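Novice: Use these hints to put chain B onto chain A, whose structure you have.
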Amino acid sequence: MTHIKVNVDGTAYEDDVEPRLLLAHYLRDRLGLTGTPIGCDTSNCGACTVDLDGTTVKSCSVLAVQADGGEVTTVQGLAKDGEWTALQHSFHERHGLQCGYCTPGMIMAARDLLRENPHPTSDEVRQALEGNLCRCTGYQNIVRAVLAASGQQVAEEAPA
Amino acid sequence: MIPPAFEYARPTSVDEAVRALADAGEEGKVLAGGQSLLPLLRLRLAFPELVVDVGRIPELRGVREDGDTLVIGALTTHHDVIRDPLVRRHAGLLAAATATVADPAVRHRGTLGGSLAHADPAGDLPAVVLALDGELVAAGPHGRRTIPARDFFVDYLQSALAPDELLVEVRVPKRDGWSFHYEKFHRTAQAWAIVGVAALVRRADGHIAEAHIGLTNMGATPLRATAAEEALSGADGPQAVARAAEAAAEGTRPSQDLSASPEYREHLARVLTKRAVLTATGMG
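So the sequences go chain by chain: A and B.
For the first sequence, the positions run 1 to 160 when the working numbering is used.
For the second sequence, the positions run 1001 to 1284 when the working numbering is used.
One chain only, chain A, in its complex shape (with noise of 0.2 Å):
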């Protein structure tokens, strides 16, 4: 067993964890943060994007050792005193999702993207998307309420 310190959501936790323990499994059956689900465990869908110490990671792809001191954020911690962020806003408003399984690692993704790219093109929200897959396909939402987020008005009959 090996103690860790992780801060998630805001909020300090404590733990002894087995050294094998994914941060994705860590999150879920430990601390009950089940808004970061888990899709293919093959690191290929991003699912399971968290935000680890100011970056996106795939939780699937990380050891909960590894998170030791970091602070990490799930889509459950992005709304303020239950008030979501514009981006979720923009998820909702546009449609961005169809099952909404992966809404949790697009909205995580499209978050980084935000940060370093205020003004992304469309092709830009695509690139920075790749690693997060939507199985019904209701890509084009998606990107529209990136784009949205991002200030940019779409033309909802334009290919986004």
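It is possible that some hints are incorrect.
Here are the simulated distance ranges between beta carbons [what the hints assert, rightly or not]:
| hint | chain 1 | residue 1 | chain 2 | residue 2 | range |
| --- | --- | --- | --- | --- | --- |
| 1 | B | 1049 | A | 86 | 32 to 42 Å |
| 2 | B | 1246 | A | 84 | 52 to 62 Å |
| 3 | B | 1049 | A | 92 | 14 to 24 Å |
| 4 | B | 1049 | A | 13 | 20 to 30 Å |
| 5 | A | 40 | B | 1156 | 21 to 31 Å |
| 6 | A | 116 | B | 1246 | 37 to 47 Å |
| 7 | A | 140 | B | 1187 | 13 to 23 Å |
| 8 | A | 69 | B | 1047 | 24 to 34 Å |
No wet-lab data here; the hints were simulated from the structure.
Since this is a predicted model, take the numbers as computed values, not measurements.
The beta carbon of each residue, even a glycine, is placed where N, CA and C say it ideally should be.
Specialist: Leaving out everything else, chain B in the frame of chain A:
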């Protein structure tokens, strides 16, 4: 999928890491960013008794100059390599190829040293470092040694590193003024290269003076397309480049898998070499 159980060490210096690896003998495994190792562990394709997490050894991270050589710490992430001004100026091929590795979240964690030590011939960076005539510096119980890239990749997923050695830095000669392009053929954006070609070209007086061609996934190790390199020397236009690229698959032994037959890979090596060189030189 849950990895097999292992002991865990988190050294804070290279010496401490090497001691831990030496103690573990054949049963130790280095964890850097984990983007190759963790999938292997989850799929139960690796069963180390000890995982040595070198992720918190600051001296392994960062890029510096050493005369005509660029020195990149093994733990420098793909994300940082892509954005590093020294890499962009002196080893643009490395920055460009690294930008095609996997996806942003993987590039945040994955490291240059990790992807080289993993020695996957389908990985993009081994062929790139080979094309750059890079050298790899390993730290072991008896000090450091420098291994040329051409001797580093021994076999499929097998590098020249001994079990008690840690890859600490990657040294590449500065290639200012050379043009370059990495041309990758893959099934989806984040998939492994079915074949990739790293082209590094020096031009003089309107023709190609010298070309280095690294091949991804054309055998058990990354390869240099030496016959094509020789044929490219002196090429003065698109047709000459196309003729030279016909030699790109000579001496390769590509594998068969669900994506491609060996013959198809040989075809891709020729086509992608032509494209890579034409794009690099602006002749296309």
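Novice: Range first: 24 to 34 Å. Now tell me if the beta carbons of residue 69 of chain A and residue 1047 of chain B are that far apart.
Specialist: Holds, since residue 69 of chain A and residue 1047 of chain B (Cβ atoms, about 28 Å apart) stay within the stated range.
Novice: Take the C-beta atom of residue 1049 of chain B and the C-beta atom of residue 92 of chain A, compute their distance, and say whether it sits inside 14 to 24 Å.
Specialist: violated, 49 Å
Novice: Mind checking the hinted window 32 to 42 Å against the Cβ distance between residue 1049 of chain B and residue 86 of chain A?
Specialist: 49 Å Cβ-Cβ, so the 32 to 42 Å window is violated.
Novice: Range hint 13 to 23 Å: satisfied by the CB atoms of residue 140 of chain A and residue 1187 of chain B?
Specialist: holds, 22 Å
Novice: Could you see if the CB distance from residue 116 of chain A to residue 1246 of chain B stays within 37 to 47 Å?
Specialist: Once the Cβ atoms are compared, 42 Å apart, the range 37 to 47 Å for residue 1246 of chain B and residue 116 of chain A holds.
Novice: Taking the CB of residue 1049 of chain B and the CB of residue 13 of chain A, does the distance hold inside 20 to 30 Å?
Specialist: holds, 28 Å
Novice: Per the hint of 21 to 31 Å, is the separation of the Cβ atoms of residue 40 of chain A and residue 1156 of chain B within bounds?
Specialist: The hinted range 21 to 31 Å holds for residue 40 of chain A and residue 1156 of chain B, with Cβ atoms some 24 Å apart.
Novice: 52 to 62 Å was suggested as the range; check whether the CB atoms of residue 1246 of chain B and residue 84 of chain A agree with it.
Specialist: Roughly 58 Å apart at Cβ, these two residues keep to the hinted range, so it holds.
Comparing the model with each earlier hint shows violations of hints 1, 3; every other hint is respected.
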